[in-house]
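Could you build all of it, start to finish, from the sequences and the hints given here?
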Amino acid sequence: MSIVKENKKQKSIQTPVFLNMSKTAHEMVIALAGNPNTGKSTVFNALTGLNQHTGNWPGKTVKRMEGHFTYGERRYRLVDLPGTYSLLSASTDEEIARNFVLFGKPDVTVVVVDATNLERNLNLALQIMQITDRVIVCVNLIDEAERKGIRIDAARLQEDLGIPVVLTAARSGRGLDVLQETIAQLSKNLIPVKPFRINYPESLRETVDILSQKIHAYDPKIPNPSWMAVRLLDKDQGIREALLSGHWHTRLLSNDIPVPALTNPDHPGVHEIRSIIDEADSASEKIQTVLHDSLVESLFYDAKRIAGRAVEQTRITRLWENALDRWLTSRFIGIPLMLLVLAVVFYLTIAGANVPSAMLADLLFSVEDFLAAGMNQLGAPWWLTGFLIHGVFRGLAWVVSVMLPPMAIFFPMFTILEDFGYLPRVAFSLDRLFKWSGAHGKQALAMGMGFGCNAAGVIATRIIDSPRERLIAILTNNFVPCNGRWPTLIMLASLFVAASLPAGVASIVAASAIVGITLFGILVTLLVAKFLSTATSLKGESSFFQIELPPYRRPQFFRILYTSLIDRTGLVLWRAVVMAAPAGGLCWVLANVQYDGLSLFAHGAAWLDPLGKSIGLDGIILLAYIIAIPANEIIVPTIIMGYMAAGQMTELDSDTELKALFIQNGWTSLTAISLMFFSLLHYPCSTTTLTIWKETRSVKWTVVSNLMPLVIALAVCFLITQIGYWLG
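Numbering (my numbering), first residue to last: 1 to 728.
Just so you know, the hints here were simulated from the structure itself, not pulled from any lab data. Be aware that one or more of the hints could be misleading.
Stated by the list, open to error - When the alpha-carbon atoms are kept at most 20 Å apart in a straight line, the in silico EDC-like pairs for lysine to aspartate or glutamate are as follows:
(1) Lys435 to Glu541
(2) Lys235 to Glu206
(3) Lys188 to Glu27
(4) Lys235 to Glu285
(5) Lys435 to Asp465
(6) Lys194 to Asp209
(7) Lys105 to Glu27
(8) Lys214 to Glu272
(9) Lys105 to Asp143
(10) Lys530 to Asp596
(11) Lys304 to Glu66
(12) Lys105 to Glu241
(13) Lys304 to Asp177
(14) Lys188 to Asp177
(15) Lys235 to Glu272
(16) Lys235 to Asp281
(17) Lys304 to Glu159
(18) Lys539 to Asp465
(19) Lys194 to Glu159
(20) Lys148 to Glu312
(21) Lys214 to Glu279
(22) Lys194 to Glu241
(23) Lys188 to Asp133
(24) Lys235 to Glu279
Said to hold, decoys possible - Pairwise CB distance ranges (calculated):
(25) Ala358 to Leu565: 17 to 23 Å
(26) Trp436 to Val341: 18 to 24 Å
(27) Gly72 to Leu565: 35 to 41 Å
A virtual CB, placed ideally from N, CA and C, is assigned to each residue, including glycine.
So this is what it looks like as structure tokens:
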């Protein structure tokens, strides 16, 4: 769904959530709900194993996870709902979770709560218990709670809530067998339940009682009419439209009123529903207190009271976690520490990728020689061998050898920081800066993903609820360097910034230069976001940023391997390979098709040369960036090809030869500096552009996402060049 139209659509319920699946007599649908960072996904993975698949929720860009497991003779379909703190429908995630529990009517809803933060997590559980009686509270992370000296009285908690409570430690599998047994028994109605009901404030109680009685009189089969009454009094647009559209009848009622009749405005059933809604509106106007605030206050009060009776602190928690939080989230040293971590990650990526990249390149280029010899033995014409082997295959070889080693180092380190719990603290530290720019603090997390791949960073903006702020994050995501740009930045930093230094010091200086250019990219991100949020159609105030700082956890080795190498590195590399193949072929064609005694490549470079000189570059560099739109990884070999007047992308044996070639073609330190900034700021690659279009479904914003960085890159490089000429 287009995010630029989401603000118009997300308040209306088009269809109830049915999962697009048929339910057999031996299959039960289980909803898995919970706050973020409660280990909900770990519970899901532990129960379903490899029997799972992903998709998007109908009409949404939010990922939907489904899986299944078998227990006894029954098959259970497990639906992992988006992590959310509430069901009051303030965001897309909350709307999806609420609508599925309500309209999807799962056989059992499992609410995963964090044993170390039971009071806060019970807020969501209490809300779900107002919708459905068939709820299980899964108190997860019980092992962490025990390490912190927290004891959970499961029997007392179960007695107060009136529903089953199961203690688990999903990472180790502890308690999952009990959870499966409890799901099986509750789905068969073998466990008596009497869910706790919220104690509404005195000012609301009488109004809620009167309205709920009328809802019950309309149809006794509506579960929990008190909850329905409260949502109508709170003017919940989704519930109102669901009632009027007939979807509530479709899913939850079993009377004889057909759905088409309910959609007829003259049908008596519609008049009765409208009468109930009108009465709720009238009563809402008469209530002096703010209904929403009163409801939230009641939820927090009940959660605090129930958690207080069930939780016992047996000893002081680990002090090192609090001390580490004070450092990492400090107003003064939080950001410097973030920069230090970033520098270490870059240094390890740069230093560690050099040898594997060279080995992989040697392997792939030896395969190229074998393939070329094979084509010659088959009698293939020279142009076919050149196009397929020296064009398409060589382009792929460059992309794989340049991208794979850095990604195989960067993504695991990024995933380790994510698993450890550091990334939410980065977002917390940067929130003040993004709020100043009119953007959202969660953009820091999406920006972090952009360091690996800008396309992945665009997809990561889905965590931002506001369509306006998400669009700003998408448009500014390109200003941080990705894997495709690291090779150019690393080459320039090594050849022109740290070339005269000893080897040990050179890597540190080169990494520092790249950190500096990255900081400039973050600065441009903030300034452009400020401009978009104050002087364009995206004008608006930044929304409230609520983020839970998860406890520090020991990273899981196998999860890191899967997430970083398969889910991230493999996906990004595949997209780059698909785009690089035609780019390599095009590069060969331009270099080998002659016109007026010169190749098309030479003609294009000559035409672009005046513009290139004005920004400190040249025509060959600019043409290389145009050819490399599908994959930035082939920029350097394309530039070398242009300078050597070769008919194919070329590599040199040493950095000394490479620097000498650049100097022979007029390069200076000013050229290298301008190229570093142009590489940082220029338009996104075709993979990212395609991703932007898929996420926005807007040609206008996709074009803006390409033109805006290009204009900024040209302006910055022109300014740097003029300053360089002025300084002499």
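Q) Going straight from one Cα to the other, do Lys304 and Glu66 come out at no more than 20 Å? A) Between Lys304 and Glu66 the Cα gap is close to 33 Å, so the pair fails against 20 Å, i.e. violated.
Q) Can the restraint linking Lys235 and Glu285 be considered satisfied, given a maximum Cα separation of 20 Å? A) 11 Å, holds
Q: With a cut-off of 20 Å on the C-alpha distance, tell me whether Lys105 and Asp143 pass.
A: 32 Å, violated
Q) Is Lys105 within 20 Å of Glu27, Cα to Cα? A) Cα-Cα ~14 Å, so holds.
Q) Is the hinted pair Lys214 and Glu272 satisfied, with a Cα-Cα distance of at most 20 Å? A) With Cα atoms ~10 Å apart, Lys214 and Glu272 stay inside 20 Å; holds.
**Q.** Restraint check for Lys235 with Glu279, where alpha carbons must lie at most 20 Å apart
**A.** Status holds; Cα separation ~12 Å.
Q: Verify the proposed pairing of Lys539 with Asp465, using a straight-line Cα cut of 20 Å.
A: This hinted pair holds, its Cα atoms lying about 16 Å apart.
Q. Are Lys235 and Glu206 close enough, with their CA atoms no more than 20 Å apart?
A. 18 Å, holds
Q: Measure nothing beyond the straight line between the CA atoms of Lys194 and Asp209; if it is 20 Å or shorter, mark the hint as holding.
A: 19 Å, holds
Q: Look at the Cβ atoms of Gly72 and Leu565 and judge whether their distance stays inside 35 to 41 Å.
A: Check passed, 36 Å falls within 35 to 41 Å.
Q.
For a C-alpha distance cap of 20 Å, please report whether Lys235 and Glu272 respect it.
A. 18 Å, holds
Q) Going straight from one Cα to the other, do Lys148 and Glu312 come out at no more than 20 Å? A) 11 Å, holds
Hints 9, 10, 11, 13, 22, counting from the list given before, are not met by this structure.
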